[in-house]
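Q: Based on the provided sequences and hints, a complete structural model is requested.
Number of protein chains: 2
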Amino acid sequence: MKPRIYSGAKPDAIAEDLRPLCDFGEDGMSLEELKGLIEERLVPHLSNYGLPSFHSFFNSPPEAGAELGGVVALRHNQGVTNWQVSPGGAVLEELCGRALGRLFGFPETADATFLYSGTYANQQTLYMALHRRAEEEGFDFAAKGLSGFREPERLVVAVSEQAHFSVRHAVRMLGLGEKSLLRVPVDGRQRMDVAALQDVLSNRATRDHVCAVVATTGTTSTGAVDQAGAVIDACAGTRAWVHVDGAYGLAYTLVPEWAPLFAGFERADSVSWDPHKQLGVPIPNSVLFAKRGADFKRMAIYGEYFNREDDPYPNPGLKSAPSTRPMSALALAASLRHQGMAKVRERLRAPLEAVKAFAEKLAGAPDVELCHAPDTGILCLRLVPKGTPTERLDALQLHIFRRFQESGERSVAITRVGGRAALRFVAVSPAVTTDALLESLEAARAAAKDL
Amino acid sequence: MKPRIYSGAKPDAIAEDLRPLCDFGEDGMSLEELKGLIEERLVPHLSNYGLPSFHSFFNSPPEAGAELGGVVALRHNQGVTNWQVSPGGAVLEELCGRALGRLFGFPETADATFLYSGTYANQQTLYMALHRRAEEEGFDFAAKGLSGFREPERLVVAVSEQAHFSVRHAVRMLGLGEKSLLRVPVDGRQRMDVAALQDVLSNRATRDHVCAVVATTGTTSTGAVDQAGAVIDACAGTRAWVHVDGAYGLAYTLVPEWAPLFAGFERADSVSWDPHKQLGVPIPNSVLFAKRGADFKRMAIYGEYFNREDDPYPNPGLKSAPSTRPMSALALAASLRHQGMAKVRERLRAPLEAVKAFAEKLAGAPDVELCHAPDTGILCLRLVPKGTPTERLDALQLHIFRRFQESGERSVAITRVGGRAALRFVAVSPAVTTDALLESLEAARAAAKDL
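Protein chains in written order, with our numbering: chain A, 192 to 642; chain Y, 192 to 642.
These are calculated hints, taken from the structure and not from any lab test. Worth double-checking, as some hints may not be accurate.
Remember, identical chains collapse to one label, so a pair may be satisfied in a single copy or spanning two.
Straight line, CA to CA, 27 angstroms or less: simulated DSSO-like cross-link-like pairs of lysine-lysine [claimed, not checked]:
#1 226 x 534
#2 335 x 370
#3 335 x 482
#4 370 x 640
#5 577 x 482
On a predicted model such as this, the values are computed, not experimentally measured, just so you know.
A: Next comes the structure, spelled out in C-alpha cells:
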C-alpha cells in the first residue's frame, strides 16, 4: 500500500476516534496509556507533510536541528517578551532577529521582531504605517485612533488582486474595513501591475490617501513575486508605507538563482516572513523586519509591573502586541546552525527546481493548460482532456481535487486563476521531486477519466 | 549553593554566550555539537519556572502529560486551521474547544477557538462586538470599518482601571485609540466598582456609545476578580457586549472553593482564557469562548484555495484571523487526561491556598503592609521597616526587587497599587508553598537592611 498523507477518514469517524482524548473526567491515565491513545487514535489522522506526494500547502515536518531546538523550547516553556521572564530567551530573540536582518541584507538600522503569524505581522505593520501618518498629521494614533484623521474613510491600502487574505483580515481588524483595499490588477505573470499602481499614485484624487502599499513576494495562490524594487520606486515621493509580504517567498531570496526576482525588497519599510512555511521549523515562527528599527517604538506599551519604562534590560515584547510569545528563535537558529547556510540553500532550491522542471515537462502536453510560468514553488494548471466541453472543465478540476482528498494518498490544492478553477501544485519540502509531481499529474489524468 | 532562577548574568554576557548560536555561516554542525552549545550557553540563562522561589509571573514548566502532547505536536508540526492541512488537528481542535466549554459550564450554544494569546483574544472579541453593533445599525463592519458608524469617535470600551494592558493594545489596533477606553474605578478589593459602571450605563450621554464592557476575572496586577455576574446584570438592557478576560483567572473557576468569586461569568458574550498561564501547557495556548458560537461567523473569510465556502469539511480557522495555528489543543487535552480533573483541581488549588495562608501569616506583621486581600494567587505588599521615612518606601521596594533580580536566586515582581510601589508575589506552580513565600519575604527583609 502506498504511504498515505493521512488515514482518509471522514470528520465523524475521526471525531469518534478522538473522543476519549477530550473526555475530561475525574480520573487520570498513565503516560504510557495516553501515548498509546494518541498514537492509535490521533496520529493516523494527522498529515504527513514529508511525503513526496504532499503538494498542497506550505507545511513541513520539523528539520532535525529545528526539532532539537523545538524540544528544548518546549521543555523550558519560556515566555520571551520580557527580560525578567526569560533573560536568555529575550537576548536570543534580539540577537537572532538582528542576525537574520544581516542574512537578508537589510540595512544596519533595521530590526526585527518575532510574531505569531504572517496575518498578525501584516496587521502590525499597517498599524505602524497608520501611526507614522498620524505623526505627520500631528496627532497620536495610539490615543486618537482613526478618528484623528481628517478623512479616515478615504484611507487606502493598495495591494495586488492576488494578495493574501490576511490583508483583508488586517484592514478589517484595524477598523479600516475592506473598502479601504485598493486592488491593483496583476500582469500576465500574476504580479502586481506596476504601471497600474503608478496610475493610482499619480491620480491626485487618491494619491494622498494611500497610506500603505503591500507588495507580495510570493503569492500564496501562484507563487508570483511582485517586483518589490519597482513598487518601492513607484512609491518614492508619496506618503505610502511600503510593506513586502514575504511570508512565503522571502526565504527564496537566499537562493542566488532566484534572488534577482526579489531585487530591492530590503528597501521596503517593512518585510514579513514565515520561517514555519518551508524551513521546517515548528509553528509558530514568523518574523517582521522594519528597515528603521525605531519604527517598532510605535508598538510599545509600558506597564507598572511588566516592560517598565525605566527597565535597563531588553524587553523584546515592546516591539509587538502580545505579552507572551514562545522561544521561536531557538528552533530557527538551531536549524540554520545545524544545516549551515550552504545546505539551507540546497533545501530551498530543490522544490523550486522541481516545480520549474515540472512546468517545462508539461509545456507541450495537449491535455494540460498551465495557468502561469512558475516564479517560485507553485504551479497552477488545468487538466483539459480532449473532448471535455469547456463548461465542464471547472467541475473536472474540482473532481480531481476531491478524489485526491478522499484517497488520502496524495494532496493538491484547488484554486482559481483568472476566474477559472485550477489545480495548484505546491512544493515546499525538498522531498517533492519533479517525478513525484509528474506522478500526481498521472493520477490526476486517471481520476479525470472517471468523472 | 541554592538553585537559581537563572544564571544571574547580565545581557552583554548572555549575548556573548549566545553569539555562536546566531552565527549563520556556510557550514553546519552536528546535532551533538549543537545540543552541547544549547545546553552550555543558553539553558543556564533560561528561567526555571518550576522552582519554589519563582514568584514573579504566570509561567510554568510543562506538566508531564502536556509535554507528551507537546512533543507529538512538535514532531508532526500540523497547521490546524483547515481540514485539508490537518484532518486530525482540525477535528481535535473543534472537539477540545467544545469539551472545554462543557467543563466550564457554558451553554450548549457556545463554541470556542484556540488563539495565540490573550492579547489577540481580547482584540478579536472587541472586533466581534463592533461587528455586531454595525449589524444593528444596518451595515457590514468588515466592509466599511469604523467609518460606517455615525459617531465612531464616541464609541467606548469600559474596563476597570486594573484591566490588562492588552486591552490598550486591542483598542489601538482596532483603530479606536486609547481615548475610547473608559476606565471604571476599582473598589477596595481592586475589583471594578459596579456602582461606578452603573453610573456610566445610566448616563444618557454615554450609555449608547458603550460598545463593550470588559470584566477582568483575575487581574494581572493583584489577581482581583471583577464580579462578572454583577457586571453582566448592569449591562442588561444596554447595547454593550460583555467580555470576561479570564486569561489568568478562568482556570480557578474549576476549584470549588474559589468558584463563587467568578459566579455568572458563563453568561458573558465572550470569555478568554490562557491555559498556558498556570496549567503547565506549552506557549502558545489561548482560548476564546463565545456564548453564541455563531458569533464567530463574523471572523470568517472564505478563499479560493483555502477555507472555501463550499467546503463540506470543518475549518476551525474560519473562527479567527490567523491562517496558521499549531496543534495547541493536543498538549492541553493530553495534560487534562493524564492528570484527570481531580488532580488538576489539586494543582490549581495549591498555589491559591499558599497565597491565602501567606497573607494570613503576614496579617499582624508590623513591617508589612498588605495592599489587598488576595482573591487568587497574587499578593502585593510593601515592606515598611520601622524608621524608614515614608518618602523612601517606594525606593525600598524597588531596591528589594533589584536585589532579587541580580541574585538570580529568587524572583518577585514589582508593581504599583493605589499609586505606590509594591512587591508582587505570584504563585502559579504547585511548587510554590507558603513556606517558600515566607522564605522570600525573609530575604526581602534582609535585602531591605542594606539599602
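Q: Could you run down the list of hints and mark each one as holding or not?
A: Hints and how they fare:
Proximity of residue 226 to residue 534 under the C-alpha cut-off of 27 angstroms is restricted to the inter-copy arrangement: shortest distance 19 angstroms between copies versus 34 angstroms within a copy. With identical chains, the CA atoms of residue 335 and residue 370 are at most 27 angstroms apart both within one copy (21 angstroms) and between copies (6 angstroms). With identical chains, the CA atoms of residue 335 and residue 482 are at most 27 angstroms apart within one copy only, with a shortest distance of 26 angstroms there and 31 angstroms across copies. For a Cα distance limit of 27 angstroms, the shortest separation of residue 370 from residue 640 qualifies neither inside one copy, at 44 angstroms, nor across copies, at 63 angstroms.
For a Cα distance limit of 27 angstroms, the shortest separation of residue 577 from residue 482 qualifies neither inside one copy, at 52 angstroms, nor across copies, at 54 angstroms.
In terms of the numbered hints stated before, the structure departs from hints 4 and 5, listed from lowest to highest.
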